[in-house]
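My request is simple: use the sequences and hints to build the entire structure.
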Amino acid sequence: MTLLVICVFCLLAFAGMPLAFALGFASLAALYAADFELVMLSQRMLHAVDNFPLMAIPLFMLAGELMVKAGMMERLVTFANSLVGRVHGGLAHVTIIAGTILASVSGAAVASASALGSALVPSLRKHYPDSFNCAVIASAANLGPVIPPSNAMIVYALMAGSSVSVGGLFMAGIVPGVLLALGFIGIASFISWKRKYPPTGEAFNARNAWVQFRKAHIILFMPIIVVGGIIGGVFTATEGAAIAVVYSGLVGLLITRKLRFADLPGCLFRAAVTASMVGALIALAATVTFLLTIDMVPQQMADFVKGMTSDPMVFVLLTMLLLVVVGMFLESNAAYIMLVPLFVPIADAFGLDPLWFGFLFMFNLVIGMMTPPVGVLFFVMSGITRVPMGAIIRESVPFVIFQFAMLLLCVAFPSIVTALPRALGF
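Residue numbers (our numbering): 630 to 1055.
Just so you know, the hints here were simulated from the structure itself, not pulled from any lab data.
Note that the structure is predicted; figures quoted are calculated from it, not measured.
Keep in mind that the hints are not guaranteed to be accurate.
Unchecked claim - Below, in silico cross-link-like pairs of lysine-lysine (DSS-like), each with a Cα-Cα straight-line distance of 30 Å or less: (1) K823 / K698; (2) K823 / K755; (3) K844 / K887; (4) K844 / K755; (5) K844 / K698; (6) K698 / K755; (7) K755 / K825; (8) K755 / K887.
And the structure:
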């Protein structure tokens, strides 16, 4: 069955069929060949998506949509600008800081890229070339799945089962996420200085920064309340996502007063479309996972890998190398759904820290969103700015190299990932 699933899936995927449907037809072919009841396909699909934690994904996406419509992005950008002051690459710094704050609400790279692009591209174009702007925005948006709350972490935890908690993964991403943001700022500063881009912004003024903080503080409290409540055990990730939606809506209606009831159908529709793609992948991949389990593929893979090496670090490095290649060609959500059930049992057999391995797995595929040929953030930024993909890829090279360097640093020093969640009891 496994060989048939792989052959049918590859054939349909290379023919251009969407991955979710390629998985579905591959499952259907294997079920038919094995003489299973075909109704099992719909049963496994329903079982896969009938999951309370999965509701957090569309809710966090809706919260991000409401933030944009509510004018909260403008306040965040103004506040970030007041912190940066007049320096080389100042607007690029503002973009990265705004992306960091937005990441703590949206949890998704594509949503962050769309919001940052819409809000900042007109200003950035006055000072920098479009290709540089796209690289900076794509890098800032890629903080979305790393800094909690993260939709990628929710999907990983769902596919990994009880071996890892969503809250633990959330905490694992904070320190690497902050280090990534600081590194991006340093890269943007160096490029701006080397190319002699003029300094932007006004000189730092503590009074102005305080004024802008007072205007933005109601927005800045949102991730503190949501993530803090999840980590503190006050509510679950799904309940936290619902609170984020209500919070964004109330701020937009009562404080910024830029959100209108007429905007709600559009926000709901965009969030539903994006979330439905993730849901379809999870539902249609569930039968594939079931068939692989029947064929004992995870156990066979574990035995094969342990026969190759008994060193857990060698296994981690081989997995990271494989995921680099996978990330170049496969959409990240599809990769989680297809590969996590296979690799987590092997990692457990080697006795690896599930939080550490889970974050490395997730972060590697997140970097894949900025690696060609299937770098989804490049497509998003090219669509917003009409800049050719090649130019965006060239400008993004330093940012991508730094992300891989950060991945290797997390491999070499696991405490970067695990110290904070372990200190909090995860």
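Problem - Restraint status (C-alpha distance of K823 to K755 at most 30 Å) - result: With Cα atoms ~18 Å apart, K823 and K755 stay inside 30 Å; holds.
Problem - Pairwise hint evaluation, K698 against K823, where the allowed Cα distance is 30 Å at most - result: This hinted pair is violated, its Cα atoms lying about 37 Å apart.
Exercise for the section: With a cut-off of 30 Å on the C-alpha distance, tell me whether K844 and K698 pass. Expected result: Since the Cα atoms of K844 and K698 sit roughly 17 Å apart, the hinted pair holds (cutoff 30 Å).
Problem - Hinted pair K755 and K825, Cα distance within 30 Å - result: Holds. K755 to K825 sits at ~15 Å (cutoff 30 Å).
Exercise for the section: Take a quick look at whether K844 and K755 sit within 30 Å of each other, Cα to Cα. Expected result: It holds: about 26 Å lies between the C-alpha atoms, which stays within 30 Å.
Problem - Restraint status (C-alpha distance of K844 to K887 at most 30 Å) - result: holds (15 Å)
Exercise for the section: Mind checking the alpha carbons of K755 and K887 for me, to see if they're no more than 30 Å apart? Expected result: Distance ~26 Å between K755 and K887 Cα, so the pair holds.
Exercise for the section: Mind checking the alpha carbons of K698 and K755 for me, to see if they're no more than 30 Å apart? Expected result: holds (24 Å)
Comparing the model with each numbered hint stated earlier shows that hint 1 is the single one that does not hold.
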